[in-house]
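Novice: For reference, the chains in residue letters:
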Amino acid sequence: MKISPLGDSAITVDFTDESPDRERLLARALSVAETLERANVPGVIDVTSAYESVALFFDPARIERDVEEKIRALVASARIRVSRKRRRIEIPVCYDADFALDLARVEAETNLSAETIIALHSSAEFVVACVGFMPGFPFLAGLPEKLRTTRLATPRTKVPAGSVAIARTQAGVYPVESPGGWNLIGRTPLRLFDPNANPPALLQAGDRVRFRGITRNEFEARVKESSG
Amino acid sequence: MTASVISAGFQTTVQDCGRAGLRKFGVTPGGALDSVSLRLANLLVGNPECVAGLEVTSGRVRLKLNVNRLVAWSGGEFEMRIGDEPIPILHCARVSAGGMIEISPKRGGRAWLAISGGIDVPEILGSRATDLRARFGGWEGRALRDGDLLPLGAESELCPRIRAAIPNVVSDWSAPRFGSRRRFLRVIRGKNWDDDIEAKLLAQKFGVAMNSDRMGLRLEGGEMVSTNPAELVSEAVAPGTIQLPRSGAPVVLLGDCQTIGGYPKIAHVITVDLADAAQLQPLDEVRFELIELEEARDLLRERERDVALFRAGLEVRFG
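For the record, the sequence lines run as chains A and L. The working numbering puts the first residue of the first sequence at 1, with every later residue one more than the last. The working numbering puts the first residue of the second sequence at 1, with every later residue one more than the last.
Incorrect hints may appear among the rest.
Claimed, not checked - Listed below are several chain A residues computed to face chain L (Cβ distance under 10 Å; list not exhaustive): (1) Ser53; (2) Pro60; (3) Pro189; (4) Leu190.
Quick caveat, the hints were computed from the structure, so don't treat them as lab data. Glycine residues also receive a C-beta, built at the ideal position from the N, C-alpha and C atoms.
Isolated chain A (complex conformation):
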């Protein structure tokens, strides 16, 4: 465990030196984040995890000296186990050519047919490693090795909301229209971020995710349903 300041009012607890196993590190980060959140440490206003680390943010007026040592003791004494039952969530995705804007590029890079790419993507189980980049954007670990691709050399200035994407070792879904450089291979009618919902993000770190292929008709019907 390595604790380093993230500016003057936050710290990062990094577990990378504890194991070479990325899955274990993710489980460790999730469990520590949960422990710290439950501990309600005075002065801590935000706790968040990402892959192999946890970050804590402090109320500037209440930040104490040697806060690193206090957190180190708390993390060390915490029982490390993932207590929350991990949710399993299915995301319907339409792989229609109108949505899979980079499928040809992925075919060329992976030497796989479109059918195989879709079959691999919709049969894998992913884990939400963290949520970030955009509100509600899930970074999904567990992409089959054969689907590894490079990012677009020039990112798109506008990626439509709901775009299902892959890049390097990861998969993701764009919750709102935004710029982005990942390869788009489909679109989901689900809303991944809704500021008026509680919680606002459909997916949370630690959730298990599978994609299920749907037809264009089903996609349009679900979009109509959720906007109606």
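Could you slot chain L onto chain A? The hints should help.
Specialist: Just chain L, lined up with the frame of chain A:
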């Protein structure tokens, strides 16, 4: 109880002190880029300090108040007038129903305007701040446009007492001005700091690039090479974090920054100097100065004490 937006200026947004505790959903804290300026302006008009006000970026902003209100502003080099009467920075001023407020940049940067009662837009995820990137909060999740009609909240019980103490238009008291107003931003070491970074970050002058915004100041003109791998395992970033992408052009993250990032974190602008960072605009020059972590925390605690003292002083006088 409304204010009519006659001229919206450029990127004028409704902001408060932002959203806390939502990083795990990818929601950025956001809020006024210099929250101390907004807090002081709010205190001056009798508001709780984190009530929503307006963040003015540049361009001339004109508002017509449709009700009697108190107003105050802080931030960069701007001019504010009520009708023909100039309102100095960090003073409290009375506006009568039908009165026109105008804020225009001299040199510019950003300014924050507080109106007694605050801007009463719906609270979303615990805040009234506008998240421009995800398009929610504030006024319809966007920057203001000409013709918008902003709802105002109810004044606090302090407001009539403050109003009664102002002889004409402007108060004879003011709030202290915080911030160094220098072109040096103080930094502490980041996780990927090294000797090479130290030599280059501290020795050079950087320019602020045109594509800088509320997410970050993109710097240019300096040459930086990181000895770290260009992309690391993504982890949390924060306002003030200086990231070094492969291009070698550092980015100073500001209030609307993303919650996690994968580029080397070479340094962090200290929290008290984010107020100065918020004033930088394209073509400005900026330099960095290294201080120690505990010094940065002392400065932060000191600033919070100063704000608390000012608040206590107002409460003694008007409470």
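Novice: Each hint: holds or not?
Specialist: Here's how the hints hold up against the structure:
1. Ser53: The hint holds - Ser53 of chain A has a Cβ within 10 Å of chain L, the shortest such distance being about 4 Å.
2. Pro60: holds (5 Å)
3. Pro189: violated (19 Å)
4. Leu190: violated (16 Å)
Checked against the numbered hints given earlier, the structure breaks hints 3, 4 and satisfies all the rest.
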